[in-house]
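Novice: With chain A's structure known, arrange chains B, C and D with the ligands on it following the hints.
Protein chains in written order, with the working numbering: chain A, 1 to 326; chain B, 1 to 326; chain C, 1 to 366; chain D, 1 to 366.
FYI, nobody ran anything at the bench for these hints, they're computed from the structure.
A quick note: this is a predicted structure, and the numbers were derived from the prediction, not measured.
Glycine included, C-beta positions come from ideal geometry on N, C-alpha and C.
Take every hint as true, because none was put in to throw you off.
On the chain D side, residues computed to face chain C include the following (Cβ under 7 Å): (1) H176; (2) A210; (3) H215; (4) G219.
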Amino acid sequence: MTKMTMVGALNAALRDAMVEDPRVVVFGEDVGPLGGVFRVTDGLTAEFGEDRCFDTPLAESGIVGMAIGMAMNGMRPVVEMQFDAFAYPAFEQVASHLAKIGNRTHGKVRLPVVVRIPYGGGIGGVEHHCDSSEAYYAHTPGLTVVTPATNEDAYGLLRAAIAGSDPVIFFEPKKQYFTKEEVDVTADVPPIGRAVVRREGTDATLIAYGPAVPVALAAAEQAQREGRSLAVVDVRSIVPFDDATVTAAVRATGRAVVVAEAQGFASVASEIVARVTEQCFHHLAAPVRRVTGFDIPFPPPKLERHHLPSVNRILDTVDELQWDES
Amino acid sequence: MTKMTMVGALNAALRDAMVEDPRVVVFGEDVGPLGGVFRVTDGLTAEFGEDRCFDTPLAESGIVGMAIGMAMNGMRPVVEMQFDAFAYPAFEQVASHLAKIGNRTHGKVRLPVVVRIPYGGGIGGVEHHCDSSEAYYAHTPGLTVVTPATNEDAYGLLRAAIAGSDPVIFFEPKKQYFTKEEVDVTADVPPIGRAVVRREGTDATLIAYGPAVPVALAAAEQAQREGRSLAVVDVRSIVPFDDATVTAAVRATGRAVVVAEAQGFASVASEIVARVTEQCFHHLAAPVRRVTGFDIPFPPPKLERHHLPSVNRILDTVDELQWDES
Amino acid sequence: MSSSLESVLDTVRLIDPDGSPVPPDRYPSDRYAIPADADLVARYRSMVLGRRINDQASALTRQGRLAVYPSSHGQEACQVAAAAALRPGDWLFPTYRDTVAVMERGVDPVEILTWLKGDRHCAYDPLEHHVAPQTTPLATQLLHAVGVAHAGRLQGQDVVAMALCGDGATSEGDFHEALNFAAVFRAPVVFLVQNNKYAISVPLSRQTAAPSLAHKGVGYGVPAVLVDGNDVAALDAVLREAVAHAAAGGRPVLVEADTYRVQAHTNADDPTRYRTEAEVEEWRPRDPIARLRTYLRARGALDDAQEATITAEAEALAATVRDGVSHGPAPDPDDLFEHVFSAMTPQLRAQRDLLREELVAEGADR
Amino acid sequence: MSSSLESVLDTVRLIDPDGSPVPPDRYPSDRYAIPADADLVARYRSMVLGRRINDQASALTRQGRLAVYPSSHGQEACQVAAAAALRPGDWLFPTYRDTVAVMERGVDPVEILTWLKGDRHCAYDPLEHHVAPQTTPLATQLLHAVGVAHAGRLQGQDVVAMALCGDGATSEGDFHEALNFAAVFRAPVVFLVQNNKYAISVPLSRQTAAPSLAHKGVGYGVPAVLVDGNDVAALDAVLREAVAHAAAGGRPVLVEADTYRVQAHTNADDPTRYRTEAEVEEWRPRDPIARLRTYLRARGALDDAQEATITAEAEALAATVRDGVSHGPAPDPDDLFEHVFSAMTPQLRAQRDLLREELVAEGADR
Ligand SMILES: Cc1ncc(C[n+]2csc(CCOP(=O)(O)OP(=O)(O)O)c2C)c(N)n1
Ligand SMILES: Cc1ncc(C[n+]2csc(CCOP(=O)(O)OP(=O)(O)O)c2C)c(N)n1
Ligand SMILES: [Mg+2]
Ligand SMILES: [Mg+2]
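So here's chain A without its partners, still in its complex pose (with noise of 0.2 Å):
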């Protein structure tokens, strides 16, 4: 066990697969001497030279075509692009290529890419430096999903991402970037798909992911200490979707709140809400509600805190439950 921030986390999970596959390469803007705006990257050009771990020209459909070719001759490029809203430009590359040409090929080519995007709020970032766009990649098929809310899962999902056969958007909570937890390196790699109970409680269940984690976990304790027992699931692998965990823990408590920082209009807090109650609908005492991001472009630095899951927007949501048979 090591103390760690999660850019640390991600770092080492880059070096040791660099180290243990010579296909791995890592590439995209300001990866290379700078180690990348937040430093994820930090020294992998100076171990294992400019072959390896490179910058490109600054062209983000560029990054991504480039990655699907070099996956198509045999290599796994881990790409970055520099914050959520700079993925936009490679959209056609991902969603009609990154995402497809394994289905198209019946799996003649398949394509082991992962693209990495910081994203969501919380760092006073200015705009097109926020956005939580989960959503655009969950509705694509042919792509994994996945978001770490742990510095120890940062590790182990990139590890199992960069190791898969198979296209993963890899999605990095930046306001978390910097914050310190022990990791275990050694700890087995989680497989792709498996949700995990962050919290036990009986009264009613919070579904996160990513950022919403800790925003998450904070309200369960804030509740605890109002006297109700509130349960976590951290998501972690939106697609595939671990259905079998979360319905389990919605099932034992029969109220369950979604929380995710995206706008809530057709995302992945709505599919959960939908799935979830297709499935747990006799056991639920009350509709299954989504504490998200209001439906408005990423606000500036000084209203951010209005727009994001907070610890009391989510016990209020709680507290509209029907506790009381209304």
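Specialist: Then chains B, C and D with the ligands, alone, in the frame of chain A:
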């Protein structure tokens, strides 16, 4: 009342808007002398000249980006994306600018741009020609997203979209392009944001939009013969969503199925299930179910019938709505 | 092989449209020499076969056996030369229009046409043939070619990628990014633009205000060559040189082939709406097959017997294609779910099972 | 004004780095003449004010008053000349780095900096000033500039759009599409690339393999000019000519300004990781302000009294900015919902009401 195809209705809407308002300009790929690959812009260059309806270089980001600038300078561009998947290169311009400049400038710069996207399957098209991509746009705050299911709505909603002040993503169900229906072009333009009950029913409510509406209606017709009375709501306007009409219809029957062609995960259908459940929970006898496309890339022509929502699949799902209090 | 290929923005032509050889002192560069007769006879054969497949496939659309066919009728010189210039391990990145190039690379034409028959998206094995799936989203495949070439360089392979696109596709952002990435990373890619003057209905004048598409090479530091796209001898010389240059120096080359789409964009298109028959007529005498035939016959390199053999081969091939496209098993509905991920997700398994049940019930109903 | 502007791929420079005038027979084109002293004094003043604002804003980030500031310190010649070249109705399309250009267009610096203060995304009125919001997604604004210019042409306006971007942004697909659309539609746009040699940490050699970025004009049929980006006299001459050319012929021009980012990308950046101090030192003697000062002083066009006035003005402006950025009301939470659509949707109204209730409760709690 005149009998016209949906293509004819859309063409009439463009023509009438161009006659009424000299700021309306139409451009895109092949929309000039050819009149569009589906002929929606047929005759417009001949009638209004090259400056009002013109072909662009082959670049979708360019088309949307230029439209944004033209709208900044007082015009009302209506642009065509040739097929659904070919709008993806414009995704950054749509998500980071078209949707957000109004908000960014506190309403100082409004962008009355209409982006027309022929969408959906059922035409035996090859890959990339049949995507249902409405969720990407509906999830993006700042975009109005509408889709007609009838030729009269095609006319009316396009007029409303062009006349409005905000960017509209206008989804045209291409499998209905050449179906003839009565159209009253003198009817009041339907306000954007209103769903419509297409068929009354007492046992369950089908909620559909665009190309799924005729299928839902056919299912209701068939159900009628089998002794079950299904209401059909045509959502029409995905954003803004008409909660009042939809929830009233669901409450009246206590059971509902959402029908949409797009893959279901994190989709507009998920959103409808989530919000209807939130708002109608105690009126529901069974969970709201979805009949959507599978979570797969759009299939090759010979397999698409298995993928698209069918009358049978809708009726099977209605059958599962726990009629015997299971 | 030198890597100091120069841009040649005067059209390289080695055989005139009337079939007579261009005197070498009129070549715009002394790098090029007319290919040997044997090579040209091979190209001739491939072009005749290609033309036959183009026309057969178009006929199959009229019979409803193929949903759609984007023909390269009239562009067979580009098709054949692009594939022939490649060495065994090299890669080809074709578009929807490049059936004949893919065929020339050794892929079975029935497999190639399967996507237009509607059975599956890409029926051949890209890795076996080093031929990417025929790509529809314009210009996107150019970046994949850069990736394959760059990965080749990093892994010490001697591999060149030949990336094809049309004049319209040069307007897409991905064209720009691909040329630029290739130049910056010194990726051995030959970009061949088949400038057939139209993007569906949109004429070249709406795609560019530059004197040629080859001029675009300048902005990337990529040598560019303009070649008569209906002169297979010139294409052969230019593309082989380009492949050699790319292989030797690990540097991209841009080749613009000046050609013409004499038929409709696809069978679904109506070109009378946007161009005159007179314009098309101007191009007919420049047909690549007739031109090469005149040249070879004049040199005595092609005789009646050879021609008869080739024609017979073409007919046999057409029959095979007609037959192959018209028959064959219906695709398996399980295919819908089988290949989305390398391991099927629980969600997809449930969806597959639902469909299976429906199909059983449907069968029972019948 | 003639519209036959030629590409000038030798650097246009009218004043040498040491402040001495370049003899006109060494100009790479005879189109250019050194601006009048009065104009240059005006540019001098603007550059001094711009430099002061750059440095003031950087200081405000250290004090936590601004979240971040991308400074154009060292690029003030480009900033000032770009804005000064425009006529009253013309449009400016700036990036995040172009605070000083926006200021030179008459926008209040406190309003400009509001987005970096975190209150709102863009505080000035783009339509009032004909200045687009400062754009972050790279190269995207170039297409908006084309749209404004094209719409201007269609509506009979005499309007030119000046579109700014950096060297890194030239690699984006939108750069390509914008140049090409402008050329094909003959849209009066002047594209000014401030080539400051870095895109954050990525050096120019990773953006292009061409001899210059101006070479890109060739592929679009757009005249291109390379200019010393630290020589405001040259920039002034070139950009005025470019604007006139665009206005007269309705044709785009590409201008590459050869300059350097002497400071970090933003205050959050650490340039020691990717470049040497020695490299930066090479550029210091080429400072645009010192150069023009030497020139003007030598000509007797700038005296101590004028300098003192300008310095005082700069200090006063800096004080105003410091004050304006440090004070002012907190933004209204209703702003979150108010402007998403021109009419608030029922869904947003409900969300706004929820937030209002929360804030009332929060207030009650305190
Ligand atoms: C990104 C994208 N936009 C639009 C289309 C629709 N489309 C298919 S072919 C075509 C014209 C292409 O012209 P060109 O590149 O010249 O190739 P050609 O068909 O002439 O061989 C268009 C617009 C597409 N396939 N991809
Ligand atoms: C589409 C996009 N990708 C990435 C970024 C992140 N980013 C912000 S500035 C920058 C470097 C830009 O360099 P350049 O264009 O040379 O302009 P400069 O900052 O040097 O003025 C990058 C990569 C962005 N803003 N937009
Ligand atoms: Mg073409
Ligand atoms: Mg720069």
